[in-house]
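J.: Sequence:
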Amino acid sequence: MSRLHGPRRLRARLFVGMAATVAVSIVVVLVVGLALTRRSLDEDALRALTRQVNLIAAQHVASPLPRRNSEIGRFLATEEERLAILTPVQAELLLPGPAAARLRETGRADGTVDVRGEPFRYAARLAGGDAIVLLRSARNQSADWTPFLLGLALAALLGLLLAAGVAFLLARAVARPVTRVAAASRLLAEGDNPDPLPVEGSTELRQLASSFNELSQELHRAQDAERAFLLSVSHELKTPLTAIRGHAEGLSDGIVSPERAGEVIERETRRLERLIRDLLDLARLRRRSFDVVLGPVDLGSVADEAVARHAHDARLYGVCLESRVEPGAGAIADAGRTLQALSNLTENAIRCTPRGGTVVIEAAAGRLSVVDDGPGLAADDLARAFERFYLWDRYGADRPVGTGLGLAIVAELADAMGGRVTVESTPGAGSTFSLVLDPATLPAHSSGPHALRTAYAALKSGEHVPPSV
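Using our numbering, you'd call the opening residue of the sequence shown number 1 and step up by one each time.
Worth double-checking, as some hints may not be accurate.
Using C-beta positions, here's what the derived DEER-type ranges look like [what the hints assert, rightly or not]:
| no. | residue 1 | residue 2 | range |
| --- | --- | --- | --- |
| 1 | Glu214 | Ile276 | 31 to 37 Å |
| 2 | Ser202 | Ala379 | 27 to 33 Å |
| 3 | Glu190 | Leu150 | 55 to 61 Å |
Honestly, the hints are just simulated from the structure, not real lab data. Being a predicted model, the structure only gives us computed values, none of them experimental. For every residue, glycine included, the Cβ atom is placed at its ideal position computed from N, Cα and C.
Taking the hints into account, I'd like the entire structure generated from these sequences.
T.: Below you can see the structure in the form of structure tokens.
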């Protein structure tokens with residue numbers, strides 16, 4: 001059950017985060033709006049009061065009103081407003097000092113004043129030798145801006161509800177693809193094959209779904225390749241074991257002569273040994289658990305060493321083996337690994353070349369090629385020639401073959417040295433397998449065959465696997 005809560009927590013966090021952000025924004029807008037509204041109302045009230053006192057002052061000049069000064073000028077008052085006709089001295093006593101100075105200097109003043117503890121807005125004018133002071137209670141301002149406050153609060157509440165709804169939808173839209181990826185990942189971990197995820201939504205979510213689909217496809221391709229490899233290995237292991245068992249039983253029953261049984265058992269045992277060692281070598285190559293020391297390598301010396309190494313096998317097969325080296329045949333590679341890869345190609349070519357044929361090892365700048373007079377490959381075989389067991393399954397019954405892993409090992413070695421392998425072939429006219437590496441300028445004293453033999457001897461004493469295809 002704990003697995004199911006992750007996306008929900010994500011959705012909840014997204015919802016809370018977005019809703020809180022919007023709520024804070026709304027509160028800030030509300031506070032600023034209230035401050036601006038109150039300021040606007042204050043300014044409007046003061047402007048209205050100023051207009052009114054200007055009218056009274058103009059009327060007083062035209063028709064003087066009686067001066068009243070009891071209770072600070074005896075106000076002609078309502079509950080909201082009070083009008084005082086005062087002498088300038090009385091007005092200066094009523095108004096704050098700065099306002100009184102402005103009234104004396106400019107004949108007008110306005111602002112806020114406390115009268116017996118009650119706040120009033122005032123507007124004062126000098127007219128006809130008197131001071132006209134109009135006061136309006138500031139306590140009732142709340143009644144003026146209460147509708148604005150209620151309107152802003154209602155708008156904020158509606159905005160918050162709308163934002164919560166939008167945040168919920170957005171959180172669900174963001175969390176849904178993540179939930180789908182999590183569910184599909186669980187199916188993938190359990191060995192199932194989930195359907196491809198829909199690639200939709202924002203750029204990031206589309207990339208997430210697309211990456212998962214690619215991962216799923218690659219994983220299933222790898223699993224299919226692993227199953228095919230295990231089936232192939234099982235078949236290749238079964239063949240020599242069946243031959244060994246059959247001849248052992250025939251020997252026990254007296255059906256097969258000891259010489260014949262020993263010959264077959266020895267041959268199949270050697271094949272089984274080569275197959276197991278090739279499998280181990282290929283596994284090391286896949287894990288990169290072997291050393292590759294790159295440096296300038298004299299490919300001509302590698303070619304000569306391969307010829308010397310396989311000359312005996314070539315004589316046994318009745319094949320002419322020779323090398324052709326171009327000037328400046330250098331490459332950036334590992335001398336021992338290059339010899340190992342070339343040996344695999346050479347042994348495969350010798351085995352496939354008919355008696356009386358020729359195998360040529362060509363060395364040029366950044367390239368080693370093995371050219372044979374064998375039966376060649378079909379055009380549709382070229383793209384898969386370096387797959388494990390492919391050529392064995394295709395031609396094992398028609399021509400001499402090795403374990404079916406040699407070319408795959410060559411491809412892995414080439415990749416480890418930053419190179420590649422290629423094949424060109426025409427059915428009935430032979431094949432050319434090439435190891436392509438980065439070219440290099442050779443030093444004045446190249447490594448030579450002696451250094452290569454030393455590298456080969458080190459490989460034999462360590463993790464080198466005898467070449468086979």
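J.: Hint by hint, note whether the structure agrees.
T.: Each hint, compared with the structure:
1. Glu214 to Ile276: 31 to 37 Å: holds (35 Å)
2. Ser202 to Ala379: 27 to 33 Å: violated (46 Å)
3. Glu190 to Leu150: 55 to 61 Å: Given about 58 Å between the Cβ atoms, the range holds.
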